[in-house]
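Colleague: Once you've looked at the hints, dock chains B, Y and X with the ligands against the given chain L.
Chains as they are written, first to last, in the numbering used here: chain L, 1 to 169; chain B, 170 to 338; chain Y, 339 to 1126; chain X, 1127 to 1914.
You may find that some hints are simply not true.
So these bits of chain B aren't anywhere near chain Y, every CB distance computed over 12 Å [claimed, not checked]:
1) Thr192
2) Met199
3) Ala203
4) Pro218
5) Ser221
6) Val224
7) Trp230
8) Asn231
9) Val260
10) Ala319
Under 10 Å between C-beta atoms, here's a sample of chain Y residues computed to sit facing chain X [said to hold, decoys possible]:
11) Arg393
12) Met397
13) Cys417
14) Tyr419
15) Cys422
16) Leu446
17) Cys521
18) Leu639
19) Thr659
20) Glu664
21) Ala674
22) Gly752
23) Gln796
24) Glu797
25) His990
No lab work stands behind these hints: they were computed from the structure.
Yeah, the Cβ is synthetic: ideal placement off N, Cα and C, and Gly gets one too.
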Amino acid sequence: MNERVIPWQPTVIAGPKQALLVTPETAEMMLKKAKRPLMIMGPLVKDSPVLSQAVLIAEKWNIPIVSTGDMFKTLNGADIKSKPYGVVEIVNLLKDPDWEGINGEGQHDLVLFIGVIYYIGSQGLSTLKHFAPHLKTLTLCKFFHSNADASFPNMKDEEWIKYLEKLAE
Amino acid sequence: MNERVIPWQPTVIAGPKQALLVTPETAEMMLKKAKRPLMIMGPLVKDSPVLSQAVLIAEKWNIPIVSTGDMFKTLNGADIKSKPYGVVEIVNLLKDPDWEGINGEGQHDLVLFIGVIYYIGSQGLSTLKHFAPHLKTLTLCKFFHSNADASFPNMKDEEWIKYLEKLAE
Amino acid sequence: MITVTPKNKPKEFKNDFWKSKNFKVSIGEIVDKKGMDTPSESVGPTPKPDVTALRSWDMKLLEKYGPFYAPFCDMCCLCTYGKCDLTAGKKGACGIDIEAQQARMVLLACCIGAAAHSAHARHLLEYLIEKKGKDFPLDFGMNIDIEAPIIRTVIGKIPKTLGDLREAMDYMEEQNLHLLSACHTGQEGKSVDFESKAFHAGLMDTLGMEIGDIAQIAALNLPKGDADAPLVELGMGSINKDKPVVLCIGHNVAPGAGIVDYLEDEELEDEVEVCGICCAALDITRYNKNAKVVGPISKQLKFVRSGVADVIVVDEQCVRTDILEEAKKNKAAVIATTDKICLGLPDMTNEDADKIVSQLVNEEIEGALILNPDKVGEVATRVAMKIAKDREALKLLPDLDEIIEMAKECTECGWCQRVCPNSQPMMEAVVAAGKGDFSNFVDLYEYDVCYACGRCEQECERDLPLISMLTKVGEHYVKDEKYNVRAGRGPVQDVEIRRVGAPIVLGDIPGVIAFVGCSNYPEGGEDVAKMAEEFLERNYIVVTSGCGAMSIGEYRDEEGKTLYEKYSGDFDARGLVNVGSCVSNSHIAGACIKIANIFAKKPLEGNFEEIADYILNRVGACGVAWGAYSQKAASIATGVNRWGIPVVIGPHGSKYRRLFLGRTDKKEKWNLNDLRSGEVIEGEPAPEHLLYAAENRGEATVMIAKLCIRPNDTSKGRQIKLNQYIDLHRKYFGTIPDDISRFIRNEKDIPITYKKDVRNMLEEVGWEPRALPQEPSTMAFREKARGK
Amino acid sequence: MITVTPKNKPKEFKNDFWKSKNFKVSIGEIVDKKGMDTPSESVGPTPKPDVTALRSWDMKLLEKYGPFYAPFCDMCCLCTYGKCDLTAGKKGACGIDIEAQQARMVLLACCIGAAAHSAHARHLLEYLIEKKGKDFPLDFGMNIDIEAPIIRTVIGKIPKTLGDLREAMDYMEEQNLHLLSACHTGQEGKSVDFESKAFHAGLMDTLGMEIGDIAQIAALNLPKGDADAPLVELGMGSINKDKPVVLCIGHNVAPGAGIVDYLEDEELEDEVEVCGICCAALDITRYNKNAKVVGPISKQLKFVRSGVADVIVVDEQCVRTDILEEAKKNKAAVIATTDKICLGLPDMTNEDADKIVSQLVNEEIEGALILNPDKVGEVATRVAMKIAKDREALKLLPDLDEIIEMAKECTECGWCQRVCPNSQPMMEAVVAAGKGDFSNFVDLYEYDVCYACGRCEQECERDLPLISMLTKVGEHYVKDEKYNVRAGRGPVQDVEIRRVGAPIVLGDIPGVIAFVGCSNYPEGGEDVAKMAEEFLERNYIVVTSGCGAMSIGEYRDEEGKTLYEKYSGDFDARGLVNVGSCVSNSHIAGACIKIANIFAKKPLEGNFEEIADYILNRVGACGVAWGAYSQKAASIATGVNRWGIPVVIGPHGSKYRRLFLGRTDKKEKWNLNDLRSGEVIEGEPAPEHLLYAAENRGEATVMIAKLCIRPNDTSKGRQIKLNQYIDLHRKYFGTIPDDISRFIRNEKDIPITYKKDVRNMLEEVGWEPRALPQEPSTMAFREKARGK
Ligand code: SF4
Ligand code: SF4
Ligand code: SF4
Ligand code: SF4
Ligand code: SF4
Ligand code: SF4
Ligand code: SF4
Ligand code: SF4
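Isolated chain L (complex conformation) (with noise of 0.2 Å):
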């Protein structure tokens, strides 16, 4: 088996339905078709090389943002708008199709994760993988995230920001 396309933490695999494995091609697509994207950012990448990216990514596809974990005060502090709740209490109201969405607007189609802590990453996504299927999860880390409707594969940093990069620009 590819060991790009095994999940990072391998005993995430949860039974035969996997992600799909994207490309910044296909990724950009998804984001092309979203009409309510979201962009969930934990705190793996508050001190990272990557934030600036993913940032500007979420700025060109003009995607709210959502800080989980203790992040909100990195993107704060650098005069990045973003509202902090827990990745469960985010992941709880995404999972209800009547939910009005982080800005009133109507529940996400797309949701983006980036920097969240992978295994309970992985178990929101799962919670979305079998609850919401109203909306498509896409991972933007640098880890192979299969309870995610698509991901990235694993991969080492230089590729990651690679791909992060073609997505930003």
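Modeller: Here is chains B, Y and X with the ligands on its own, set in the frame of chain L:
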């Protein structure tokens, strides 16, 4: 994911470790390398067009046959030599590194499966995967068997017959 | 009278007390009037054995029948350290390896299985005590003196009243807690000790089942070992659709009895049809023979889809968890009746019956939870009578034309077949139906070859209602679905044991075969019926229970007779004995125990190991759970295994993760202790396996015959057993079995019919005669046995 | 005296009896001298609640705090119909859907967790009764009148003696059986009902824990609510390696007490070092303050690898299942002591101590199973004294040079990190070590950032002994691993409750925070200690137990003081209260219950719902199980949730599959019944969640502060709580929280420090003042409450 390498019964998936997908060519290489191969033939190929192919393979490569379920009768009726064992019995013997083998010549190093009912076969392969590091398993069914070390993909009959023919010729 | 009063709770730190050599008690006065009595002057070494008290017996079994593991998953997901990958010899974060992990899952399954039976038993027991009083006697009449062989053996006392059963129940509950605890992360670490605990859980299961069944037999006056228990109607076709129909699903007789009582009280017996699925059906017909049995669990979804049931009363176990959703499809009313299955329904127990009826009829509530069986009786009946008319109008199943149209939508994706547990050719059936040919559907329908689990339907990308289509086709094409089953008779009579004890032990009756359990059959229920028929014809005693008993009833021989019509209900050669429901399984082990007691005069009380050893080495019994599917089946099998009875399960049984297989190539494993001579003697693989999964009926049949061989067989008995074994081997494999020489101790063991061939075979392998054992045993020699 | 004698077993079919309106009993005579007493003239509606008796309370909780499921696996593998794929809304062959399946797994975990505690309690109870007699009094001295608040509330009676506890135990065992039964295939079908049962399992767990702890406190004379319980030594560095060392691992104090007793009897206290890991350590130090605590579970593999322990005595729970294999590596002797963990070892219980000692010393046996704690005491000590000298010579850990050489073999495959539950950078540590730089290893070592689960080592393709390397580096570089922990004091005194009752309810003490559970920490134990410190500094009462209590002890503040040295053990503002081991967790719920009883005069007996409702709406307590890993933690959390106490767990907790989350966007969910006014009033999300998994410490800290808010807060109290919440939010998030307006009922609630900012925020959202409730409740109004 490639449908051909999802286990035929998809929920047989047992974790990150999956069988290697083999072509007739790689299967042939495994057979060439094997010193004491064994073929386990189950009742699913009783009235199957591939029975003759399977027997040819056994003959060509000089592989003793163990018949499971009530497969012995069919083979015996066709004057094909085999030893009858329950599939769980033969697997139990195969997992013992000290077992003397079907002909008393020592434990086998490659075990081919064909015609064993998919799910009990899968369980037997699981036993060998975990408890028989001294041997390799290769399935020649038209089903992808993720618990084997190496397996043919999911196939339709025509392709399957071709696969077997290649090994037999 | 001499009475023993073990303390309420086993003393873990004093188990040497109970184990001490030649333990005898003879206290001259009655110390505790409340407890149960002991029958004789002595109690064996292990009354109320704690978790480790029978461990040495377990280790002997495990030494001979090594656990064989087939992991069902490579990972463990039991705690938040995980999931852990246990392949390639890796241990989990808690240190566990794959072997211990499988054994832990088996223990867990056995605990759950035992809990299902025993919680049911507790529930029933308290209900019956409530109804009849705790002093209500456990009296099974003249022919049954040993009412509770399992309780006697395990608890070491004789229960006389319903109230006495509480002590056994308390003990069982405590043991289950200890066993479940061992499944916790960071507890037991070795597979053999998990297996020893699984055996204990299995033993608790047999105990729980016995408590449940003898309580209900006594208190509800169910047949008490009656070989002539009436034949009751069975089959989807036996239900009169023109009447209001109340369907009971599950295992607990109480709500069903409540319905039957209400009908009687109100003289409505002829107005309303009461029927059941699963063991509840069997137990209701033991209570009242006019109730009808729809069939085994494999009928459940089909019958519900058919819309025939107006009211569905679910109690506990074996109930489809989507019953509410399914019932809604044709507006059947659902009543849940126990704490085990509440389905999120409003608790109406304390509401007025009128109000409940009206809310159900008017669909103001999704269904009702009613924890009082009498109220269930009233509400279920009244609702059925009120809504039956309206429901008639509901178009319940698609008609055949519609089916053809729907079938045409099939994309031939093939996934229905891939997700089918048995890989049944549903797609072919659909494709053919699309062309107007329903024969493949009929093939799937008959004998529940498709057991209507619904997985294909869940998967279908065109959302075809495959089970409804199947049901309609069956309804239309399969005529005369009216069969019968003998009402569960409960225990085997002591007098019957006396009659067959000698022939069984000596081998004249080649064996006792018990077909039990559920209908997770690889190729339909016909296989079970045919196995039963085969062994009946060959002079075996055939015992049955649960869904197996129903599957047997759904089969007709060439003359159109069911096996129940053809064979008597006697516990004797060619007898077909339906003991009853799942909890009645206890009587099967019970019969073997009684053989040891009645025929060999082995005392029962507190004497587990000796009894089990006797059964293992002398009583040619074999259990068959061809369709074993649930945790209960795991605990039942493991329990009877500990009693020394081998079990054959179907191919799905491999998914239990563990079997107990003997190794015929290791001669030394089969040595026995001859307790009479005091010598270690050469034995034979008899029984060869303790828990065996066969791939198909042929293999199973031959193995069952083989597993009836016992070291203690007389030569005449051995001849007969080998004759059957060879016969069946020839039938299903075409040859005399290669291993026949292993079972021939001397010339006299050779079956006459095959004398020449067998002699030749013996010569080929350089066979040498050996002595017959006098008192073959797996236990230590007596001096050591108790002293250790 | 007025006494109530509920029958032995709950009557399922008469639960209307207990539920009936204004149920009061006043029988003028003592009917049953054996039972426990009731303290007052009335017992509430639910003494010995059966599985469904508290279901309506559960439904209220579930309505507010909807279960949030995060499936850990897409499949179910519980029966041989399976595995079934439950993705995309598909149901399994039994009809179950993914939601119910997750809930079933949660119930199963809670049953197992409760079983672990309660089987331990039963074991201990019978052992102590054996030792002290069943009439041994449960007397905790002057300051504790309410010894058993949980038993009182749940059972409805007051236990006076050890023997009285059996009744509670029997009840608990029966309930556990029913609950486990519901996990069986084909039983419960709806997730909410699984959750109601999980709540019940959790309640049984709190009950079991209380039984266990009060039994051992009374019988072994452990500290009885002593705020000044001694400080005991803690840490790998505190063990004197020059002496023979006996290490106890697990939870059951009996074998450890056996060792301590033996040492005393033989006057060997100064010769032999007795230490422990996990709760056994805590309980042994409660028994004898000279025993030492090695540390939490995360020390286990490291300490065993260090070779310091000569004899390893395992009892039950939290023991690495590969302990035998690990001990073998440095020839430590292993003694197993309970039925829970037998490890395949020979049962030597009834052998002569001399013989066992000699067989262990001479390695004739792999280890010994000794089920008698006194014998364990003798054998363990004697073996340790005999082998200690020889073991000194064993080169236990690789030296630093060797580590460098080994580290050079690393292929940098990276798999160690991928399989690490916490993705800790083990590879980096190895690579650096290969270059002679051990700092990364030190980082992993300190605060058990690497908690030594061993998964990386299992995976390493070069078979590097990563844990041994880690341990050696730690041993060498991390100096002064000597800390302390206050010995577990057991219950909170009534007098303390009286003292803090008002300030807690009124909010002057902003909350009671309990740090409990295991060390499955995402980033090491320091996070727990820092959280504890943070809340201590802020005037909260901090309670702790188990591994959490040890992790807190392993931390030193800037001045080099441990928090136990810095803060008193009083149950008061800025008190750091170590209640003891896992079973002592019961005293945390117990304290909340006592608040309701003492401060609000709520009767306890049989009055569960009212008490839980009081706690939920008035007692600002919050549990934190930052490293929750096992089934026990699942049942503890679920249990205290049912009592109305919210719990925050670490990120791994998401793998329990279920949380209870509130929805602040749904205003109507937060309405309350004001029982005084009889009106439905607008409420607030207080507490906002019932079971919450936080991603990291910052998030958790802020959430904990928020979860202490209660509808009943006085304005002064609310101010203080909000002040803390804002403070912490500013610290960890940089801002005043957006949702502050939700918690401000009127001007007086606004914290003075933030008055201006908050006012602006209120204005922005168009805030309107609302009335303070008088008697806020989640229960139905009184007329209905009992009548229904
Ligand atoms: S053990 Fe079962 S539930 Fe757990 S991961 Fe494996 S298949 Fe899934
Ligand atoms: S119980 Fe053990 S093997 Fe299973 S997940 Fe937990 S640590 Fe891993
Ligand atoms: S209902 Fe079940 S058994 Fe029948 S065909 Fe479908 S999947 Fe197979
Ligand atoms: S799953 Fe549905 S569409 Fe696919 S082959 Fe079966 S019936 Fe046809
Ligand atoms: S035999 Fe099996 S399926 Fe049938 S009722 Fe009993 S347990 Fe259920
Ligand atoms: S319990 Fe239900 S979902 Fe689980 S394997 Fe069995 S049938 Fe499938
Ligand atoms: S021992 Fe466990 S926690 Fe430590 S680095 Fe290895 S895998 Fe991670
Ligand atoms: S698993 Fe072993 S070889 Fe691979 S990176 Fe880690 S230490 Fe190096």
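Colleague: Tell me, which hint numbers fail for this structure?
Modeller: Hints 9, 22 not satisfied by this model.
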